[in-house]
Amino acid sequence: MTYTKRFDGRQLDELRPIEARVGVVPRATGSALFKIGKTHAIAAVYGPRELYPQFLQDHQRGVLRCNYNMLAFSGAGERVRPGPSRRSKEISMVMEKALFPVLDMRAFPSTVIDVFVELIQTDAGTRCAAITAASLALADAGIPMKDLISSVAVGRIGNAIVLDVTKEEEDYEEGMADIPIAMSTRTGEITLLQDDGLLTKEELINALGLAKKGCEDIKRVQIQALKNKYKEEP
Amino acid sequence: MSILLIQEKTIVVPGEELAEGMDFLPGTDVIRDGEKLIATKVGIVTISGRLIKLIPLAGKYLPKRNDIVIGKVVGMGFSGWRVDIDWAFEANLALRDASTEFIEKTADLSQYYDFEDWIVCQITAVAAGGRLIDLTMKGPGLRKLGPGRIIKATPAKVPRIIGKQGSMITLIKEATGTKISVGQNGIVWLSGEDSSQELLALKAIEKIEAESHVSGLTDRIKAFLEGAHS
Chain A
0 MTYTKRFDGR
10 QLDELRPIEA
20 RVGVVPRATG
30 SALFKIGKTH
40 AIAAVYGPRE
50 LYPQFLQDHQ
60 RGVLRCNYNM
70 LAFSGAGERV
80 RPGPSRRSKE
90 ISMVMEKALF
100 PVLDMRAFPS
110 TVIDVFVELI
120 QTDAGTRCAA
130 ITAASLALAD
140 AGIPMKDLIS
150 SVAVGRIGNA
160 IVLDVTKEEE
170 DYEEGMADIP
180 IAMSTRTGEI
190 TLLQDDGLLT
200 KEELINALGL
210 AKKGCEDIKR
220 VQIQALKNKY
230 KEEP
Chain B
0 MSILLIQEKT
10 IVVPGEELAE
20 GMDFLPGTDV
30 IRDGEKLIAT
40 KVGIVTISGR
50 LIKLIPLAGK
60 YLPKRNDIVI
70 GKVVGMGFSG
80 WRVDIDWAFE
90 ANLALRDAST
100 EFIEKTADLS
110 QYYDFEDWIV
120 CQITAVAAGG
130 RLIDLTMKGP
140 GLRKLGPGRI
150 IKATPAKVPR
160 IIGKQGSMIT
170 LIKEATGTKI
180 SVGQNGIVWL
190 SGEDSSQELL
200 ALKAIEKIEA
210 ESHVSGLTDR
220 IKAFLEGAHS
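Just so you know, the protein sequences line up as chains A and B, in that order.
Residue 171 in numbering that gives the first Met the number 0 is what sits at position 172 of the first sequence, and the numbering runs on without skipping anything.
Residue 143 in numbering that gives the first Met the number 0 is what sits at position 144 of the second sequence, and the numbering runs on without skipping anything.
No wet-lab data here; the hints were simulated from the structure.
This one's a predicted model, so the numbers in the text were calculated from it and none came from an experiment.
A portion of the hints provided could be inaccurate.
In silico negatives: residues of chain A with every beta carbon more than 10 Å from chain B [stated by the list, open to error]:
1) Arg-86
2) Ile-189
3) Ile-204
Lysine-lysine pairs mimicking DSSO-like chemistry, simulated, CA-CA at most 27 Å apart [said to hold, decoys possible]:
4) A:Lys-230 to B:Lys-156
5) A:Lys-226 to B:Lys-178
6) A:Lys-228 to B:Lys-151
7) A:Lys-226 to B:Lys-35
8) B:Lys-137 to A:Lys-228
9) A:Lys-230 to B:Lys-163
10) A:Lys-230 to B:Lys-151
11) B:Lys-151 to A:Lys-226
12) B:Lys-206 to A:Lys-228
13) A:Lys-145 to B:Lys-206
Glycine is no exception: its CB is placed at the ideal position from the N, C-alpha and C atoms.
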């Protein structure tokens with residue numbers, strides 16, 4: 000059976016409804032809320048601040064430290080165990096690697112910029128939502144960046160290539176592949192590319208094309224969110 | 000042929016293309032990527048001749064030499080004080096720069112500046128990429144602050160709080176009868192005889208912070224202060 004009609008009625012190349020807002024955590028240097036469908040991420044940036052333990056300091060540039068966390072009640076009902084897990088540590092690491100290439104940290108050597116992302120509600124695509132929210136929060140914190148990073152997951156469900164996979168689709172019985180992608184759409188550089196599942200070369204090329212389109216749509220929302228903070232409304 | 004892709008005074012975000020071609024030069028917070036000039040922060044575009052730069056709207060304070068900042072005394076040693084100036088590293092106030100009067104080596108330093116005291120000081124040196132910062136208390140207006148209120152504003156908005164030749168801050172001081180000190184690091188100290196006037200001054204500063212990017216700010220602040228009086 001082919002997967003032609005999506006569970007939530009979207010087109011194969013359609014994103015879920017997106018909402019973004021910056022400045023949601025007043026005490027943080029920068030912060031953002033990013034919602035894509037039922038996946039909601041809040042990111043807060045603190046710093047630059049002094050980095051301990053000292054041996055982690057880089058005397059040429061600042062260090063980016065990400066912390067990804069899914070709240071205990073955020074999933075589909077099965078309780079997420081609080082605190083760091085193998086999975087959240089991995090995602091924190093890939094977030095750092097996805098965001099670092101666009102940051103210019105030379106202005107604050109020996110310091111750390113902390114990015115905390117909390118997923119308050121999840122329906123797949125959490126690392127992508129986390130990266131997108133973190134990128135907005137970093138821009139809101141005034142950290143110099145070459146571009147915003149936008150991120151979305153594409154996938155193969157049955158034999159269809161679809162954009163922005165949901166949890167229901169991830170659990171599709173007749174096989175699927177899940178590919179989270181993060182990119183700088185200005186330069187076309189991909190900063191995150193993971194794959195869970197089997198794909199042919201043609202399918203991967205199609206998926207990348209679809210992801211680029213999705214990222215461009217997300218970036219428009221990101222830009223609008225940043226500009227909305229400074230809208231003229233005395 | 001060089002083309003400007005954006006108008007002056009528009010708000011841009013990181014990654015936004017500002018101009019194309021080699022005739023334009025990148026200023027503060029703008030980088031060149033090939034033929035294009037790219038914004039690296041959220042800010043307002045300023046064009047002066049061939050130079051395109053940004054006035055950032057957000058960001059933490061980066062210490063610079065000669066900046067006058069407000070800090071809190073957080074440490075004391077044999078040779079001076081450690082001061083928190085809202086930056087990643089504590090700044091150092093050496094004994095010889097701490098006062099115009101002579102301080103004995105064995106003197107009780109808390110007589111001069113005690114823990115939790117707020118001081119207005121000037122940065123004399125920034126070294127090791129911001130890790131080592133030297134302060135001085137010798138200079139006009141540099142002093143220990145008395146009782147008052149401390150608020151933290153965005154450092155990027157400090158020029159708007161002060162205004163052209165201090166016009167904005169003078170306006171608030173005169174309208175509320177409150178003493179105000181603003182540090183380049185965004186820390187503001189307020190002290191007034193009348194606490195309701197002090198609060199009004201504080202609200203005016205918060206209003207400046209929230210609306211600093213909208214034109215006609217001085218008039219709105221004036222109206223706000225006058226409206227509170229009538």
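Worksheet entry | Enumerated hints in conflict with the structure, sorted upward | 5, 8 and 13
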